[in-house]
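Peer 1: Let chain A serve as the given structure and place chain B on it in line with the hints.
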Amino acid sequence: MSSDGNPERFVRAAMIPPAPPPRRLGGPLARIRATLFPDLANGLVTLAILAALVWLVPAAFRFLVVDAIWTGASGEACRPEVTGRPVGACWAFIGDKINYLAYGSYPAAERWRPNLFFGLLAFGAAWMLWLGAPKRAWGAVYLFVAVPVLAYLLLAGLPALGLASVATALWGGLLVTVVVSGVGIVAALPLGILLALGRRSDWPVIRILSIGFIEFWRGVPLITVLFMANVMLPLFLPGDLTVDRLVRPLVGIALFASAYMAEVVRGGLQAIPVGQRQAALALGLTPFQATRAVVLPQALKIVVPGIVNTLIGLFKDTTLVAIVGLADFVRVLEAARADPRWSAPAVPVTAYVFAALFYFAVCFGMARYAGFIERRLAAGDAR
Amino acid sequence: MLKPRVSWRALAVQVLLVGALAALASFAASNAAQKLARQGIVAGFGFLGRPAGFDIGQSLIPYAAATATYLDAFLVGLLNTLLVSGLAIVLATGLGFAVGIARRADNPLVRAFAAAYVELFRNLPLLLQLLVWYVAVRVALPPASDPATLGQAAFLSQRGLFLPRPDFLGLAAVVPLAFVAALAATGLLLRARRRAVALGKKPVPVLWPGALLCLGLPALAWIGLGLAGHPVPVAWPMRGPYDIEGGLPVRPEFAALLLGLSTYSAAFIAEIVRSGLDSVARGQREAAAALSLSRAQTLRLVVLPQALRVIVPPLTSQYLNITKNSSLAVLIGYPDLVHVFMGTVLNQTNQAVEVVSLTMCVYLSLSLATALVMNRHNARVAGSRT
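Chains as they are written, first to last, in my numbering: chain A, 8 to 390; chain B, 6 to 391.
Here chain A stands alone, though its shape is the one from the complex (with noise of 0.2 angstroms):
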């Protein structure tokens, strides 16, 4: 209390001690210290990890490599009591059914055609996703037009050409998986951008019908369409035409898979100024061409990472054609798996595993590339 008798004003009388120096702010061990060991909940979270990454890191290699089976002729070779040692991961069961795996049923003097359907699509789709690559018009109309005729000439065959025909109850395993999620693909990737067009358009017909058939798709769970598709599609189909068990489907997929198509596409649209309509309007284009040679392609551009995105959840949801009967990758390993002659304890645990490492491998490098063009338009836009 001052002695001017005024309590708002504080005049301090003796001299404060000095106070300590700062703790370090700088160098790796303070950073260490401030990031994590802050205070103690946070220390000891910190240490529940560590100890949870010494306790894993080691524990998955010595089961994916150190303890690994790696040649082998039956299941006899991954028992602990045959080996004489601690097992971990029987890869000699995946070196075994790799083929199976990878075909199916596929005959195997066959199998160079899905090989070779392999390499035309991988192709395409390496044209399609670096941005670099030259005439890349062309690498739509190869992996949108061509590549589909190809692959169902040389999967199904054509005994005119010389190709025995194949039916397509002996496809399966990775040869399925590839083919459902690529006719999702091909065949939702155009029916979307029409959805999505028809959902933007000034007539009220077909806005309403895309509105509906867009909601209805994406208002149903994938494995009621998979139903529907395999017991009421023969029944709408005059007389007694019948549809092949893989085409059914694959009707199913790619009507849902348009649908969030088209959904990922309305996003782009509406991305676009409307300005660049209206310009391409005042320079004399008619509405199509307005659409078609300035809107479009600059939605498309924009919506690339989320047709990559689609294309995963796509590709993970092939795995629900097992449940309606395809021999898809899940379910020929489930198949293998239950092989009598490779009856291990070791064998289902592999073969999770290297669905896992298959699946991951291919949805997480999706992910990544979109990831890349999102980073790239974005760096395009802040130019």
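Hints were generated in silico from the structure; no laboratory data involved. Some hints could be false.
As the list claims (entries may be wrong) - 25 angstroms max Cα-Cα, derived SDA-like pairs, lysine to any residue:
#1 B/Lys206 to B/Thr303
#2 B/Lys40 to A/Ala289
#3 A/Lys142 to A/Leu307
#4 B/Lys40 to A/Phe243
#5 B/Lys40 to A/Thr249
#6 B/Lys40 to A/Val331
#7 B/Lys40 to A/Leu242
#8 A/Lys308 to A/Val331
#9 A/Lys142 to A/Pro304
#10 A/Lys308 to B/Ser280
What the hints assert, rightly or not - FRET-style restraints, in silico, Cβ to Cβ:
#11 B/Leu313 to A/Ala37: 29 to 37 angstroms
#12 B/Arg385 to A/Glu341: 41 to 49 angstroms
#13 B/Ala216 to A/Arg16: 43 to 51 angstroms
#14 B/Leu220 to A/Gln277: 42 to 50 angstroms
To be verified - Listed next, the stretches of chain B that the computed footprint assigns to chain A, with coverage defined by at least 3 CB atoms under 8 angstroms from CB atoms of chain A:
#15 100-113
#16 127-135
#17 327-333
Where a beta carbon is used, it is the ideal one built from N, C-alpha and C, also for glycine.
Peer 2: This is chain B only, laid out in the frame that chain A set:
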């Protein structure tokens, strides 16, 4: 703006389109009618009244294979779908918010851990994850011949977790009524708190009194009934010759589906939460820090409320995805709507058109109802921005 002229071309195209679609639909319908007639199937929903004659592993309502109709089976499946999706939504929201917030933590290890979680669960097919969970749950549990038990009151084996089941019928209905009353009282407390905050008064505490009410009031009612000589009847699980009988079974299929759905969806919710947190301007955190709010307070009082505006719309569609994804139950044998109705009932009756359209209608109306509620919520949130 010029009023657009009526374009005869547009009109003609639209009329033609409608006509073509109608022709296609009637063609398909006549084909279907012909084929159904040939198979001797009577179209219509009359089959729902017929006896079902199959058993269902888990049901929230009384269901007996001998007397139940297909309509009962439909209801059991629907309730099971709602049960597992509702619980998965709660769990996934909690886990997803925790992981999403952890992705923006100061601690780099926590950030890396959360990122690894998201990438791992997001990039694997749900179906594969469910298979693994199912196997893992079954391996982790003791065999059916030698169940783990808690004082002979609850049992745990590969057949499931068997809990005592109280029957809240007759006088015992007081217990659930007490719970509802406690919920209502908590709601009143919440309103009082909101009003106090709006008026700038000291807010009434809600969390602890509410929790105490919701747990304490039913417990009091339970004990009171016991003291009054009308104890709540409880069906205890018993060891039968082959399996545990009676009680309230929680099946491993249910546990696996719940775990799989929650952990998978939590990864997506975490990404939604992260983008919501990123949408809050940096200055908000800095201002909160300048006001000497602690980090937890900053998150709870400043950042999250603003982030929720961005979070809620995609969160809703994620909730719908959980409901739709619960249909993967068919894979591991949890009796949800798709499994019971599109699986067993469809196989038994062959009423494909009716079964498929009814099932799809259920999911569509769930989607539309959620969309309606969320649109109203969004309107309110957007309206309160000024």
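Peer 1: For each hint, tell me whether it holds in the structure or not.
Peer 2: Checked hints:
1. B/Lys206 to B/Thr303: Between B/Lys206 and B/Thr303 the Cα gap is close to 21 angstroms, so the pair holds against 25 angstroms.
2. B/Lys40 to A/Ala289: 56 angstroms, violated
3. A/Lys142 to A/Leu307: Since the Cα atoms of A/Lys142 and A/Leu307 sit roughly 17 angstroms apart, the hinted pair holds (cutoff 25 angstroms).
4. B/Lys40 to A/Phe243: 9 angstroms, holds
5. B/Lys40 to A/Thr249: 12 angstroms, holds
6. B/Lys40 to A/Val331: 22 angstroms, holds
7. B/Lys40 to A/Leu242: Measuring from Cα to Cα gives roughly 7 angstroms; hence the hint holds.
8. A/Lys308 to A/Val331: 36 angstroms, violated
9. A/Lys142 to A/Pro304: Given that 25 angstroms is the threshold and the Cα spacing comes to 15 angstroms, the pair holds.
10. A/Lys308 to B/Ser280: Measuring from Cα to Cα gives roughly 23 angstroms; hence the hint holds.
11. B/Leu313 to A/Ala37: 29 to 37 angstroms: For A/Ala37 against B/Leu313, whose Cβ atoms are near 36 angstroms apart, the range 29 to 37 angstroms holds.
12. B/Arg385 to A/Glu341: 41 to 49 angstroms: About 48 angstroms separates the Cβ atoms of B/Arg385 and A/Glu341, which means 41 to 49 angstroms holds.
13. B/Ala216 to A/Arg16: 43 to 51 angstroms: Given a distance of about 50 angstroms, which is inside 43 to 51 angstroms, the answer is holds.
14. B/Leu220 to A/Gln277: 42 to 50 angstroms: About 49 angstroms separates the Cβ atoms of B/Leu220 and A/Gln277, which means 42 to 50 angstroms holds.
15. 100-113: holds (count 3)
16. 127-135: holds (count 7)
17. 327-333: Our answer is that it holds, as 4 residues pass the Cβ test (under 8 angstroms) against chain A, meeting three.
Consistency with the previously given hints fails for numbers 2, 8, ordered from lowest to highest.
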